[in-house]
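J.: For the record, the sequence lines run as chains A and B.
Start counting the first sequence at 1; every next residue gets the next number (the numbering used here).
Start counting the second sequence at 1001; every next residue gets the next number (the numbering used here).
Hints are computed from structural coordinates only; laboratory data are not their basis.
Using N, Cα and C, we set each Cβ at its ideal position, and we do this for glycine too.
You may find that some hints are simply not true.
Straight-line Cα separation of at most 20 Å, SDA-like style, residue types lysine to any residue; simulated pairs [what the hints assert, rightly or not]:
| id | chain 1 | residue 1 | chain 2 | residue 2 |
| --- | --- | --- | --- | --- |
| 1 | B | Lys-1245 | A | His-15 |
| 2 | B | Lys-1245 | A | Thr-66 |
| 3 | B | Lys-1437 | B | Asp-1332 |
Computed footprint of chain A on chain B, listed as stretches where at least three residues anywhere in the stretch have a Cβ under 8 Å from a Cβ of chain A [stated by the list, open to error]:
| id | segment |
| --- | --- |
| 4 | 1054 to 1063 |
| 5 | 1213 to 1219 |
| 6 | 1424 to 1438 |
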Amino acid sequence: MNTTSSSASQTPFEHEVAERLVEALQLEVTADEIEPEAPLFGEGLGLDSIDALEISLLVGRDYGVTLRSDNPDNKQIFSSLRALCQYVQANRSSAG
Amino acid sequence: MGDQTWPDLSLVYAPERVVFVTATGPVTGHTFLQAAHHLAENLPDQPVVPVCADVFHFTLLFAAALIKGHYVLLSSDRSPTRLAHLAQQHNATCVTLAGDPEAPQLPDGGTALNVDLEPPAASNLKENSDFNPVIEAQRLVAVVFTSGSTGQPVGHKKYWGGLVTRSVTARVLLDPEAQPASMVGTVPPYHMYGFETLVLQTLNTRVKTIAGSGPYPADWVARLEQASAPRILVTTPLQLRGLVKSGLQPPAVRRVVSASAPLPEKLAEEAERFLKTDVTEIYGSTETGSVAIRRTLSGPYWTWYRDITLQTMADGRVELSAPGVLSYVLADFIETGTNGTFQLLGRVTDLLKLGGKRGSLAALNAVLNNLPGVEDGAFLPPDMSGVDPQARMQAFVVAPTVSADSLLQALRQLIDPVFLPRRIVQVAALPRNAVGKLTLQALRDLAATQNAEEEIGTVTVPHDHPCLAGHFPEQPVVPGVLLLDAAYALLPDANFQFDMVKFLHPVFPEQPVVFSIRRAGVSLRLTAECLGKTVLRAVLKARPVEN
Chain A
1 MNTTSSSASQ TPFEHEVAER LVEALQLEVT ADEIEPEAPL FGEGLGLDSI
51 DALEISLLVG RDYGVTLRSD NPDNKQIFSS LRALCQYVQA NRSSAG
Chain B
1001 MGDQTWPDLS LVYAPERVVF VTATGPVTGH TFLQAAHHLA ENLPDQPVVP
1051 VCADVFHFTL LFAAALIKGH YVLLSSDRSP TRLAHLAQQH NATCVTLAGD
1101 PEAPQLPDGG TALNVDLEPP AASNLKENSD FNPVIEAQRL VAVVFTSGST
1151 GQPVGHKKYW GGLVTRSVTA RVLLDPEAQP ASMVGTVPPY HMYGFETLVL
1201 QTLNTRVKTI AGSGPYPADW VARLEQASAP RILVTTPLQL RGLVKSGLQP
1251 PAVRRVVSAS APLPEKLAEE AERFLKTDVT EIYGSTETGS VAIRRTLSGP
1301 YWTWYRDITL QTMADGRVEL SAPGVLSYVL ADFIETGTNG TFQLLGRVTD
1351 LLKLGGKRGS LAALNAVLNN LPGVEDGAFL PPDMSGVDPQ ARMQAFVVAP
1401 TVSADSLLQA LRQLIDPVFL PRRIVQVAAL PRNAVGKLTL QALRDLAATQ
1451 NAEEEIGTVT VPHDHPCLAG HFPEQPVVPG VLLLDAAYAL LPDANFQFDM
1501 VKFLHPVFPE QPVVFSIRRA GVSLRLTAEC LGKTVLRAVL KARPVEN
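Let the sequences and hints guide you as you build the complete structure.
T.: Right, dumping it as structure tokens:
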């Protein structure tokens, strides 16, 4: 696995979210190993709908962001760790 | 099935009523039937594997398949490969509807159809008895495949008469109010539980269902807001916990229905308070469908659905028969109460024998899940095929606010010592599958990855070690730094550094110290034992990568 280069390309916020994802979803990779641009579902990390529920609880609890499946941006939001982080940062509540 | 009297076996009960509420408004039974006929005209002449997540789309396809004279094949494994394989094996065809969330996953060779929602012409309603056909009770309408946690998926055949009878029975129990209820489901329609409630109760009773799908609590709340009171939420313990924890404020729910896994009383209590609701559980299986109900907080006694007959066999297991259902041996031991009630004693395969004592895994899991601070938890019994007499339970818990030690203390008060877990592993979530079920195999896999403790070596510090000179001259204690140094030399991976260390007991020279490591997510847990006592605990983290 290309640990060195992917770690180098994660921003600190992406790393923070990656660590929370690994913890909440019990992923068998380390936070560093999540490629910021790789898809989270399907071919990438292979997440499923239960993982989606856990992610929604995580970003709701930690960042005050509510996920809904009728959001037209969903495909984009879950296209990668980077896209998820950008969405969270753009929509986080001041309290989060 | 011979002399049985059946309820109304029409495809849609009372079709003048609203059956679904979609994003574009309510859909009556007549409009629904018109759309189903239109789909049936365009369906290949084969059984159907529906590739639809939205319960409205799914039910339309189911009705279209029946109108066409076929049945549906339901798989809880949604991978395109599995769906294509299922279709191929049964000479069926995968079908999706335009706009459904699963449409992009239609396997190659599948059929995609458009939904046409137009009210039917008046002539269709009056003169055409095929418009809302009466389906024969004995007709095969669905084959439901179990998730196959024990290996190959197994198909269970479902006949129309039995399904309608159970819908009508369940309606009286789940929707007893004067006003007909609106149902919102968080569960998929292609699993037996969702199929019976969201699909069949909508077709066969006065209940209507809110269309849509989606894995997020915000999706469910949005659909609850679309529903008129009284509302019924059809869900699982996992999703109910998600809804309660989401911080969202759904409208009042008359009744929560939960199935697929045991519902901890604590969660039932929280949900009743949070949603101002009654939380009921359904007992059933893919083989039998729903057969009993209880309000979780009313105690351990379940009430059988009507017309169920039971026969106890010589080994204590119980065979169940219901109208239109093949006889089935229950997977649980039960104790019969009064007035058609019973209590679950534990799954037949859950019965444990450890240290010569018998216990029920289900009962132990209930104790664990009811401990304060435990959000989810499960015992993993030792592999009984082994001959290790020391084999012990392990437990996995989601309990972010309590320590493993205090949980063990609490368990000690409540369960027989032979069943105490040797180790309690804190995890962020249990590996439940898409319908919230936790299989033994998933737990074993978790144990193997999260919990494999590996002995890395034994170190004995000799009494004449140079570091001891000058240390406590009368009774020298091995300095902690010496233990850390020894541990560090034994680590299989030099990339880790100490993050936290606790020294729990002194180590004296000439005493053997056994070091073990366990990987836990991104960190490494190190323990050292000496003469049966844990003397050191440490957490190591990976060093930041230097570029």
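J.: Any of the earlier hints contradicted here, and which numbers?
T.: Checked against the structure, the hints that fail are numbers 1 and 4, while the rest are satisfied.
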